[in-house]
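Put together the whole structure using the sequences plus the hints.
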Amino acid sequence: EPALIFDLGGKFDKSFNEAAFRGAQRWADETGGKFLEIELQSEAQREQALRRFAEAGANPVITTGFAFATPVESVAGDYPDTKFVNIDGWMPEVPANVQLIGFQEHQGSYLVGMLAAMSSKTGTVGFIGGMDIPLIRHFGCGYAQGAKAVNPDIKIVANMTGTTPAAWNDPVKGSELTKAQISQGADIVYAAAGGTGVGVLQTAADEGILSIGVDSNQNHLHSGKVLTSMTKRVDVAVYNSMMAGAEMETGGFTTLGLAEEGVGWALDEHNAPLISDDMKAAVEDARAKIISGDLEVVAYYTNDSCPAYDF
Amino acid sequence: MDFLTLLQLLDTTVRLATPLLLACLAGLYSERAGIFDIGLEGKMLAAAFFSAAFAYSTGSVWLGLLAGIGVSLVLSGIHGLASITFRGNQLISGLAITMLAGGMTVLIAQDWFKQGGRTPQLEGAARFEPITLPFAETLREVPFIGPLYYELISGHPILVYIAFALVPLTWWILFRTRFGLRLRAVGENPASVDTAGVSVVALRYSAVMICGVLCGLAGAYLATALQAGFVKDMTAGRGYIALAALIFAKWRPWYALWATLLFGLFQALELRPDLIQQVIGVKVQVQLLGALPYILTVVILAGFVGKAIPPRAGGEPYVKER
Amino acid sequence: MTAPAIELKGISKAFGPVQANKDISISVQPGTIHGIIGENGAGKSTLMSILYGFYKADKGEIFIKGDKTQIPDSQAAIAAGIGMVFQHFKLVENFTVLENIILGAEEGRLLRPSLAKARRTLSHLAEEYELNVDPDALIENLSVGHQQRVEILKALYRQADILILDEPTGVLTPAEADQLFRILDRLREEGKTIVLITHKLREIMEITDTVSVMRRGEMTATVKTSETSPEHLAELMVGRKVLLRVDKKSASPGDVVLEVEGLRVIDDKGVLRVKGIDLTVRAGEILGIAGVAGNGQSELLEVLGGFADGKGNIRINGEELDLTGKYSDGQSRRARGIAHVPEDRQREGLIMEYTAWENTIFGYHLDPTYQKGILMDNVGIQAEAQAKMERFDVRPPHPKLAAKNFSGGNQQKIVLAREIERNPDLLLIGQPTRGVDIGAIEFIHQQIISLRDQGKAILLVSVELEEILSLSDRIAVMFDGHIMGERMPDQTDEKELGLLMAGVTQEPAAADYKVVDQQFALQDQELGGA
Amino acid sequence: MEKMPHWADIVLIPLISLILAAMLSALVILAIGESPVDAFNLMVQGALMRSAGWGYTLYYATNFMFTGLAVAVAFHARMFNIGGEGQAMLGGLGVAYVCLFIPWPHWSLALIGASLGAAMFGALWAVIPAYLQAKRGSHIVITTIMFNFIAAALLNYFLVNVLRPPRSMDPATATFPEATHLPSFRDMFSTAETIMFRGAPANVTFFIAVAACVLVWFLIWRTKLGYEIRAFGHSETAAKYAGISPVKITVISMVISGALAGMMSINTTMGESERLVLNSTEGAGFIGIAVALMGRSHPFGVFLAAILFGFLYQGGAELALWTNIPRELIVVIQALVILFTGALDNMVRMPLEKIFLAFRKGDA
Ligand SMILES: Nc1ncnc2c1ncn2[C@@H]1O[C@H](COP(=O)(O)OP(=O)(O)OP(=O)(O)O)[C@@H](O)[C@H]1O
Ligand SMILES: Nc1ncnc2c1ncn2[C@@H]1O[C@H](COP(=O)(O)OP(=O)(O)OP(=O)(O)O)[C@@H](O)[C@H]1O
Ligand SMILES: [Mg+2]
Ligand SMILES: [Mg+2]
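Residue numbers (the numbering used here), protein chains in the order written: chain A, 30 to 340; chain B, 1172 to 1493; chain C, 10 to 539; chain D, 513 to 876.
It should be emphasised that the hints constitute simulated quantities derived from the structure, not laboratory data. Note that the structure is a prediction, hence the values are computed from the model and not measured. Heads up, the beta-carbon is just placed ideally off N, CA and C, and yes, glycines get one too. One should not assume that every hint holds.
Only some residues are given here: those of chain B computed to face chain A with a beta carbon under 10 Å [what the hints assert, rightly or not]: (1) Thr1176; (2) Arg1258; (3) Leu1393; (4) Val1402.
Computed list of lysine-lysine pairs in DSS-like fashion (alpha-carbon distance at most 30 Å, straight line) [what the hints assert, rightly or not]: (5) Lys413/C x Lys209/C; (6) Lys647/D x Lys68/C; (7) Lys760/D x Lys320/C; (8) Lys515/D x Lys320/C; (9) Lys413/C x Lys1491/B; (10) Lys335/C x Lys647/D; (11) Lys515/D x Lys335/C; (12) Lys1285/B x Lys63/A; (13) Lys278/C x Lys760/D; (14) Lys752/D x Lys381/C; (15) Lys1421/B x Lys65/C; (16) Lys320/C x Lys1491/B; (17) Lys504/C x Lys257/C; (18) Lys1491/B x Lys74/C; (19) Lys1491/B x Lys68/C; (20) Lys381/C x Lys736/D; (21) Lys736/D x Lys409/C; (22) Lys752/D x Lys409/C; (23) Lys413/C x Lys736/D; (24) Lys866/D x Lys413/C; (25) Lys1491/B x Lys77/C; (26) Lys65/C x Lys866/D; (27) Lys515/D x Lys65/C; (28) Lys1454/B x Lys150/A; (29) Lys736/D x Lys760/D; (30) Lys278/C x Lys752/D; (31) Lys335/C x Lys736/D; (32) Lys320/C x Lys752/D.
Spelled out as structure tokens, the structure:
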């Protein structure tokens, strides 16, 4: 019986944690199995939940969010027979029973940045992040590089919703930020802001501009008004881990980028009319180049700064 | 900064000031009657949830509004019970109500909608849509007046106009009617009202209930006009800012308007780091920007309010027999 | 015989464990003035508040003009034609006179017509009863006497024909009191019924037709005024014969202890309350300061006691006191040998929630003798408190009881014990016997005199002329922030002091104090104001 | 004469209020379709029937003791410190600086240093609102609320821009050096045969919290400063009469209050996570209010109430682990406890007083 531990943002954040939940749900639906789950309410519960699930015989124990890296690292040794998975985290040495799964968000963001720049009529594109943490700057940085690649003169307007975890869940502010960006000329906004993005997409639709969703495919939320979504397949990662079960391979680091289809851009019936063939071709070309290594998208982490935008 | 940008900034200000204004006026009625209320936040939050939930399930934003007002009145009733009938500590009661609203809204939302403490997105008649005032389109090209009218004055949901209309109405009620006279008296010296043969309890309850109605409007505005649905903690401290504005306004209706507009402007500026950079010439840290409304609140309270004399009987339960 | 205007039958009222009224019956004939006397806490105010619907009686019946009447709230009392002027006024301080008058008696939902009507009626009433007040003045800017007029006007405006006045003269000068009595006379002639609560036997004898005496919640007697005497009433009040005079030797004043020169005090509203006064107090004498409440005496005490700032010079034993700076607080004053029994013991002199023993060191709590290392020597303090309480006859002598659980007189004894036992050079003492029964008054007066006889300087402030006259070795009268003059107690009388208290004087020097005022105002401006 | 015996006031009333709150909470649990009895059992099992459960309960209780004492000290001076949350955040910053930048030879010394750091930073964050209240009349309730928001932004700035180790994406400091790691209950109480408190975060800080309870008791009831604080709290006019400076007492009591709130972060930051993370305070500042109220602002009461809330917290975590009850249930229970013990206590007291009065009359 696998277990899934959500980060403090909560299970239904409409993006990251929720994607993990969907993956688990899909596994449950397909196999008829059951899984344990918990939404944390405090930092101290991270270790507690890991231990309690491990003691209860759950295997694997999957955690979402980089904040779990440290607790997983310290707990793993006590439960050698349990497999632990952490999504988004990083640790210097990965214990034998731990598997880390990371995503190349900047690559996916690069592609949607290109799409934004290509469909922008005003020459200004917007980015709205959730809480101001490096991970979100990482998203924004890829996006800016993509946009600049298409149009070096493009103006990028970026805002972070806030500095506390409440920023993941503040659609009011998301909405106002969208309006503010519109008044600065933006006609496309990319929301990498969890639940806050709901407000961004809503306002963009209300005000007649296009938006870009994140993590899950959010194109359907406002059909014809969402340019595309930068998908981050947390659901696949969770689903695969659960499928592998106790037999899963551990002790290493899985990176899911464009090549692995861990990140990408969404094209479906909701946004097909918005994506011209040229745009599609250009993006697919860039995608191939990134996969082949001909094109390098700089990660914000490399030296905590972004070549295309000054956060 | 050009004129249009300024108008857009002010437009945002108006949108963001509206919930503050409604909550501030709500607090004004309550505190003028001698009942301090730091539970504005909680009442707004509960009203936001219930208005969104009912608007969603009935498809009518007006029914949603009623539900929002209803739950806010229930919480007001609890506050009244604690602070009028049982002469409890008003600050603590307000705090408890805010916590209660924070927990209950999510609990109920999860139970009803299973979307992690939010309501589904509202559409169509389940939302307050912006109203275009008469002649807005025709006047649009007239220099200065046109854009001012079109961008700033026209195009808000009905609740914004109600909120602004409430300012003169409140002034009139407080200073021109019998009810207002008694309300102010009961906040200054309840014994004077009591010996004049008027019920202190009834007056205070009615003030607290008016406060409930206005918080209900504020909450409904957040969830069904400013936004299209409820998410947890969506008031995000607005109740407290409204209280600070109330002190800044020295418990007067017109001042309350200016104070909430000022705080609205702070919040609007937070969204426009580009403008700040343009005006002051340096890039401001995001964290500083986020904390700006709160810092300015402290600065204003410390520096400019001077001696804001609250209603003299404020915060104290009326005790006849010890 | 007509039905009585008021008839109360078997009224009882308890406040928690305190039985304030026990089975009280009383009847008042229309067109008469009925006096009620009794010691503090006897239950007079409670009884009348029940009649006015402010409190609800636990038991008993009320008849108005012969009809049994339920008075659940003041609305009902007003409807029954009853008006009441409370001991503590029930006015909204930052409302105008007019607004206060119409509060609760408005004509309709809108204020404008009500205000207009009240303005007309008011000028009418003012003329008829000599009750002039500016209808647009804010209450907080009116003198106490004028505030009382507003209260009376409120009742008349509501067309009360039964008027209850609870200790109306406590805040008035003798002349103002006389004027009030003329008004009451006038109302009686018109057929109105008046109930007058007072402690002052003189007033009872002067104006009432009948008088009731209350003691410890019970009605002990009702008599015709013409058939009784002050001595008899005093005995009914206290339950034993009372010695109304204080025995004391004449003073033998020594060196000057306190010198005050040109003292001015501005309160927090920016009003000049003490307008340049000079006085001295010598060792072994009591200087009494007489005056109607609110004429600057309280502020004088506050500055001397160190909890308000002042301007001017004050010297203790020849050394200058700091009036505004770091050393102007109560601690520094105590260090200089000044002890202070404040006017309001419940709000200032005591912490009501503290035990008696904690209160016996209040203000002196930093004294090293009360410390043991970094902790307080609670055991030692308690033992000392026990001894002090016994010496001062505090009842019950239990140091661990909270101050709020002692009666007013015993609370005052705790404060006195604390301040007198410090053996100060100068004792400031305000309203030493306010709210204290006659037995305790005797004891307190003895303590003050014996402190004087030990050669200490005493500055006594009291609104009770009798007390001033019987205790003081010298009397200064304050009016409107000035000292109107000094008298020796054996060379003056209540009448002369009463005139001084009202600001009437024959001495030209003090008469043109207005000029002095202006000078000080100018000086204050130069100093940068308040 | 008192209307009611003292014991009724301090024991009976909180107890009845608590029972009322519990009953309402049970109704809430019923309403969301779960069984209150099962829920309660699960909470007791998870929080009190295993040593590790106790290890969590006491860990949370440690936090609540600090914040509860902080609120209680301010209450004694009649101030309502809603800013415990922000003060604790700043305290965490203090701990982080002390632990990261000073090479400590031994944890005991580091603990002393970190306590000072936490207390100083927490006090700093409380002294500004206190000063503004005393000198400028800015209402401390509003300013401390604002300071909570400002603290969050400040902490974020430090964690994202200053203290975050390179390449880490977590807005958190690096892990503190080995020498600053505090002994946990497991280290202290396990024997060779049995491991006690396995994995639980309770650590030596618990004893510091208990010591703080004792010290605060001495401070409030046995020192001249405590005497002045209480006097000021009961009556400002009387305090002025006695020469007690309102400014001094306002500032000092808030400094103590802020220092206590700040020290909470030793437990979370140094004791548990061994690094400073963004939301290590987790609302403990607000729970401190409930704890102080329940404990009637008495350190012993605070101690008991903190353990009660620790139990609620740990029990609530167990509920979240094994059932579908959302975590907000615990918030609701807390709110109900605050409402009944803090704001509606007269609802219990008034009838109770009548009963006692009737009994006394019966005796007489
Ligand atoms: N509101 C109240 N709550 C509790 N006890 C009260 C209240 N009012 C009066 N008492 C108590 O009732 C008793 C009677 O008080 P009351 O005010 O009627 O006395 P009084 O005769 O008017 O005295 P005074 O001459 O001081 O005005 C006193 O023991 C007093 O402490
Ligand atoms: N408000 C009150 N609350 C509780 N108890 C009170 C209150 N007022 C008075 N008491 C109690 O009632 C008793 C009588 O108080 P009261 O002030 O009426 O005494 P008194 O007869 O006026 O005596 P004294 O002349 O010494 O002032 C006191 O022992 C006191 O404990
Ligand atoms: Mg009285
Ligand atoms: Mg008395």
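>> For each hint given before, does the structure comply? Return the numbers of the non-compliant ones in rising order.
In response: 2, 6, 8, 11, 15 and 16
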